[in-house]
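*Asks:* Letter by letter, the chains look like this.
Protein chains: 2
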Amino acid sequence: MNPETLQNYAKLLVRKGINVQPGQNVVILAELDQPEFVTQCVEECYAAGAAKVVVDWTHLPITRSHSEHRTLEVMSRLEKWEMEKWQWQLETLPAKLYLDSEDPDGLSGIDQDKYTKAQQAIRTAIKPIRDRMENRYAWCIAAVPGKAWAKKMFPHFPAEHATEELWNAILYASRAWGDPIANWDAHNEELISRCSYLNGLGLESLHYTASNGTDFTVGLLEDGRFCGGMEKTLSGVPFNPNIPSEEIFTSPRSGDAEGILYASKPLSWQGEVIDRFWVRFAQGRVVDVGAEKNESLLRQMVSMDAGAAKLGEVALIPHDSPISNSGLLFYNTLFDENASCHVALGKGFSNCLRGYENLTQEQATARGINDSLIHVDFMIGTSDLNILGRTRDGRDVPIFTQGNWAE
Amino acid sequence: MNPETLQNYAKLLVRKGINVQPGQNVVILAELDQPEFVTQCVEECYAAGAAKVVVDWTHLPITRSHSEHRTLEVMSRLEKWEMEKWQWQLETLPAKLYLDSEDPDGLSGIDQDKYTKAQQAIRTAIKPIRDRMENRYAWCIAAVPGKAWAKKMFPHFPAEHATEELWNAILYASRAWGDPIANWDAHNEELISRCSYLNGLGLESLHYTASNGTDFTVGLLEDGRFCGGMEKTLSGVPFNPNIPSEEIFTSPRSGDAEGILYASKPLSWQGEVIDRFWVRFAQGRVVDVGAEKNESLLRQMVSMDAGAAKLGEVALIPHDSPISNSGLLFYNTLFDENASCHVALGKGFSNCLRGYENLTQEQATARGINDSLIHVDFMIGTSDLNILGRTRDGRDVPIFTQGNWAE
Numbered sequence: 001m002n003p004e005t006l007q008n009y010a011k012l013l014v015r016k017g018i019n020v021q022p023g024q025n026v027v028i029l030a031e032l033d034q035p036e037f038v039t040q041c042v043e044e045c046y047a048a049g050a051a052k053v054v055v056d057w058t059h060l061p062i063t064r065s066h067s068e069h070r071t072l073e074v075m076s077r078l079e080k081w082e083m084e085k086w087q088w089q090l091e092t093l094p095a096k097l098y099l100d101s102e103d104p105d106g107l108s109g110i111d112q113d114k115y116t117k118a119q120q121a122i123r124t125a126i127k128p129i130r131d132r133m134e135n136r137y138a139w140c141i142a143a144v145p146g147k148a149w150a151k152k153m154f155p156h157f158p159a160e161h162a163t164e165e166l167w168n169a170i171l172y173a174s175r176a177w178g179d180p181i182a183n184w185d186a187h188n189e190e191l192i193s194r195c196s197y198l199n200g201l202g203l204e205s206l207h208y209t210a211s212n213g214t215d216f217t218v219g220l221l222e223d224g225r226f227c228g229g230m231e232k233t234l235s236g237v238p239f240n241p242n243i244p245s246e247e248i249f250t251s252p253r254s255g256d257a258e259g260i261l262y263a264s265k266p267l268s269w270q271g272e273v274i275d276r277f278w279v280r281f282a283q284g285r286v287v288d289v290g291a292e293k294n295e296s297l298l299r300q301m302v303s304m305d306a307g308a309a310k311l312g313e314v315a316l317i318p319h320d321s322p323i324s325n326s327g328l329l330f331y332n333t334l335f336d337e338n339a340s341c342h343v344a345l346g347k348g349f350s351n352c353l354r355g356y357e358n359l360t361q362e363q364a365t366a367r368g369i370n371d372s373l374i375h376v377d378f379m380i381g382t383s384d385l386n387i388l389g390r391t392r393d394g395r396d397v398p399i400f401t402q403g404n405w406a407e
Numbered sequence: 408m409n410p411e412t413l414q415n416y417a418k419l420l421v422r423k424g425i426n427v428q429p430g431q432n433v434v435i436l437a438e439l440d441q442p443e444f445v446t447q448c449v450e451e452c453y454a455a456g457a458a459k460v461v462v463d464w465t466h467l468p469i470t471r472s473h474s475e476h477r478t479l480e481v482m483s484r485l486e487k488w489e490m491e492k493w494q495w496q497l498e499t500l501p502a503k504l505y506l507d508s509e510d511p512d513g514l515s516g517i518d519q520d521k522y523t524k525a526q527q528a529i530r531t532a533i534k535p536i537r538d539r540m541e542n543r544y545a546w547c548i549a550a551v552p553g554k555a556w557a558k559k560m561f562p563h564f565p566a567e568h569a570t571e572e573l574w575n576a577i578l579y580a581s582r583a584w585g586d587p588i589a590n591w592d593a594h595n596e597e598l599i600s601r602c603s604y605l606n607g608l609g610l611e612s613l614h615y616t617a618s619n620g621t622d623f624t625v626g627l628l629e630d631g632r633f634c635g636g637m638e639k640t641l642s643g644v645p646f647n648p649n650i651p652s653e654e655i656f657t658s659p660r661s662g663d664a665e666g667i668l669y670a671s672k673p674l675s676w677q678g679e680v681i682d683r684f685w686v687r688f689a690q691g692r693v694v695d696v697g698a699e700k701n702e703s704l705l706r707q708m709v710s711m712d713a714g715a716a717k718l719g720e721v722a723l724i725p726h727d728s729p730i731s732n733s734g735l736l737f738y739n740t741l742f743d744e745n746a747s748c749h750v751a752l753g754k755g756f757s758n759c760l761r762g763y764e765n766l767t768q769e770q771a772t773a774r775g776i777n778d779s780l781i782h783v784d785f786m787i788g789t790s791d792l793n794i795l796g797r798t799r800d801g802r803d804v805p806i807f808t809q810g811n812w813a814e
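Note that the protein sequences, when read in sequence, are chains A and D. Each residue of the first sequence is one higher than the one before, starting from 1 at the first, in this note's numbering. Each residue of the second sequence is one higher than the one before, starting from 408 at the first, in this note's numbering.
It is possible that some hints are incorrect.
What the hints assert, rightly or not - DSS-like, lysine-lysine: derived pairs with alpha carbons at most 30 Å apart:
hint, chain 1, residue 1, chain 2, residue 2
1, A, 151, A, 127
2, A, 147, D, 558
3, D, 521, A, 151
As the list claims (entries may be wrong) - From the structure, some residues in chain D lie toward chain A, with a derived Cβ separation under 8 Å:
hint, residue
4, 413
5, 449
6, 464
7, 466
8, 470
9, 487
10, 800
Honestly, the hints are just simulated from the structure, not real lab data. Since we're looking at a predicted model, the values are computed, not measured. A virtual CB, placed ideally from N, CA and C, is assigned to each residue, including glycine.
Could you build the full structure based on these sequences and the hints that come with them?
*Replies:* Okay, here's the thing in structure tokens:
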């Protein structure tokens with residue numbers, strides 16, 4: 001890969017993604033796949049004035065080994081120093097850059113029941129801290145190629161060629177060509193104007209239908225708002241939490257959803273792929289699921305806690321969008337969710353409420369933003385998806401027609 | 408590299424090196440160079456019954472970036488969670504496996520003054536904990552190839568070939584051929600019988616002379632002992648702290664050393680190579696040093712603290728030994744020190760005192776074991792080194808003649 005292109009990509013992630021401020025700490029979370037690029041990101045953070053950059057490396061084959069051999073008790077325990085590290089994050093609010101390169105099948109075949117229980121325990125332990133950090137720090141999820149991931153996407157290429165192809169796909173989807181920062185300024189403008197249009201409609205609900213059987217209605221909050229692209233921390237620092245990001249999204253009214261959604265793409269969760277699945281809602285909660293592959297994992301997911309069976313997000317992405325048009329299936333939510341309308345089970349976003357700046361997490365929950373230990377997106381967009389909006393003043397407004405924006 | 412050979416090497420490190428006990432924690436410290444081998448070591452630890460294995464990854468180019476861009480104040484600070492992690496180690500005494508693969512020149516050109524000061528602060532902060540852990544946990548330093556290290560050793564080979572050569576050199580030096588565990592049982596026997604012989608002599612001092620100008624005398628402790636190969640934790644777990652290890656060593660009487668030592672090999676310290684140097688002692692302390700390369704770094708080293716100018720170790724290795732006979736210069740202390748007689752500046756080993764089991768660190772220091780923030784070995788062995796021992800009953804006993812054991 002051209003070094004200048006990678007340098008520009010690193011700069012995009014550091015300046016537009018987490019937007020490092022002078023004197024700030026930064027935490028970068030990465031697999032071992034691209035040490036040179038991670039080093040470039042570290043350099044860019046310091047160039048932006050970071051005081052201290054900390055890289056937390058993980059390696060999925062070792063995560064697999066842990067999950068195979070540690071007891072549930074050991075897996076569920078957060079050591080005191082691990083809690084102190086979270087406490088340090090709460091106190092110093094480092095910007096967090098997640099560089100995803102995971103093998104979508106990297107944990108397939110492990111004891112998912114044990115793994116899910118351990119995740120449940122650990123997420124429960126850190127939730128109070130994470131809740132208190134919400135909206136207060138800049139974060140960004142982006143991707144770099146991993147060998148196994150590249151091989152899954154491009155199985156007919158030799159390893160090195162597949163990795164190069166995946167770099168190309170990531171950089172294209174992330175608008176990291178030419179002048180990436182200018183690209184993102186323009187892109188953010190477009191997303192903001194789309195949000196303004198939707199927020200002006202006063203929508204009360206969305207009704208989804210498609211030829212695959214999807215027939216689903218979700219209620220929206222009166223003081224909810226659609227967001228997309230750039231966000232701001234409570235202290236006013238703009239950042240882009242996802243690169244790429246094509247979505248306009250909101251958190252719906254927790255507990256207000258009826259009907260059935262058919263997934264249009266596979267979903268990699270906890271290192272395993274769930275495929276050809278559907279989810280049925282009644283009175284806002286998941287009441288049944290089915291999957292041709294890994295149905296039991298899907299059932300574990302929706303039973304993680306009370307909020308895991310309710311929606312935290314609905315997101316709108318035209319079928320005619322750059323990632324979708326590439327025709328690639330990434331088996332990675334960051335990309336696949338940005339190629340397709342999706343919804344997320346679990347925790348919602350309090351900043352999708354007008355006036356969220358003055359609300360605690362508890363208050364946001366009380367106003368209808370779902371709460372949970374998880375937030376898992378799954379894709380429902382198809383080329384024939386129609387979405388009809390119903391406004392609070394009783395009008396029907398086509399939002400999506402045949403997979404794309406109606407307006 | 409043959410997968411079975413690597414598997415056997417991993418097993419050697421886990422079973423003979425740190426000798427993982429059922430239910431124990433393990434910490435592995437590694438650069439990013441050999442993730443597959445590190446994964447094998449993790450698997451071997453769990454196979455030996457480890458409860459929890461934690462891998463701490465570092466990447467020297469990022470360490471360089473930190474040291475270039477962090478302020479001295481930031482570099483010198485241990486966060487509370489980092490101290491808590493040391494505290495966790497003190498409380499649970501995990502076995503520690505260090506997998507060295509560092510580029511010997513990886514930090515060349517950085518501000519060594521700043522780096523040394525920061526190291527001084529950090530080592531001072533954790534010293535009380537490390538002192539309390541001494542002799543209570545199993546540890547092992549071993550090596551795996553890193554690309555830059557391989558390239559330095561085999562500059563004329565292409566990268567992949569150089570790495571393969573370095574694997575061969577590491578595995579050969581580490582006696583990791585055939586049945587490595589049987590090799591080490593036999594090797595430990597030999598080292599122990601050599602120690603018995605030396606400990607029976609009742610040595611009071613050693614006098615070193617060689618044609619390069621070395622003319623040096625060091626005093627030994629009356630209740631000192633020579634050690635080599637396998638050691639035991641205070642709770643009785645045998646382990647091998649260095650793989651490879653060819654040395655018979657002891658901690659001399661702190662403050663009892665006179666004369667000049669000429670280094671016979673370069674020394675990589677803090678990511679830079681110090682070369683063609685000498686160290687002069689008077690009344691047990693370094694009073695002058697000289698080096699053709701990186702003299703100022705050498706001066707920083709001996710001024711790290713009061714104990715850094717005194718000896719913590721003298722080690723005897725015949726010139727005719729496997730690593731030495733390979734003719735390879737590793738630019739890595741683990742190997743070069745095991746190919747050559749050496750001494751170490753800085754902290755000594757309390758377990759080189761008879762009856763150390765009942766001594767605190769302070770008591771060991773009071774009895775003449777040197778104390779310091781550092782422990783840095785440098786090589787003084789040559790093919791014409793003579794070492795004459797003087798016994799407490801006034802006899803002169805040749806210990807080394809022309810670079811090899813006299814007896």
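*Asks:* Does the structure break any of the earlier hints, and which numbers would those be?
*Replies:* 1, 3, 4, 8, 10
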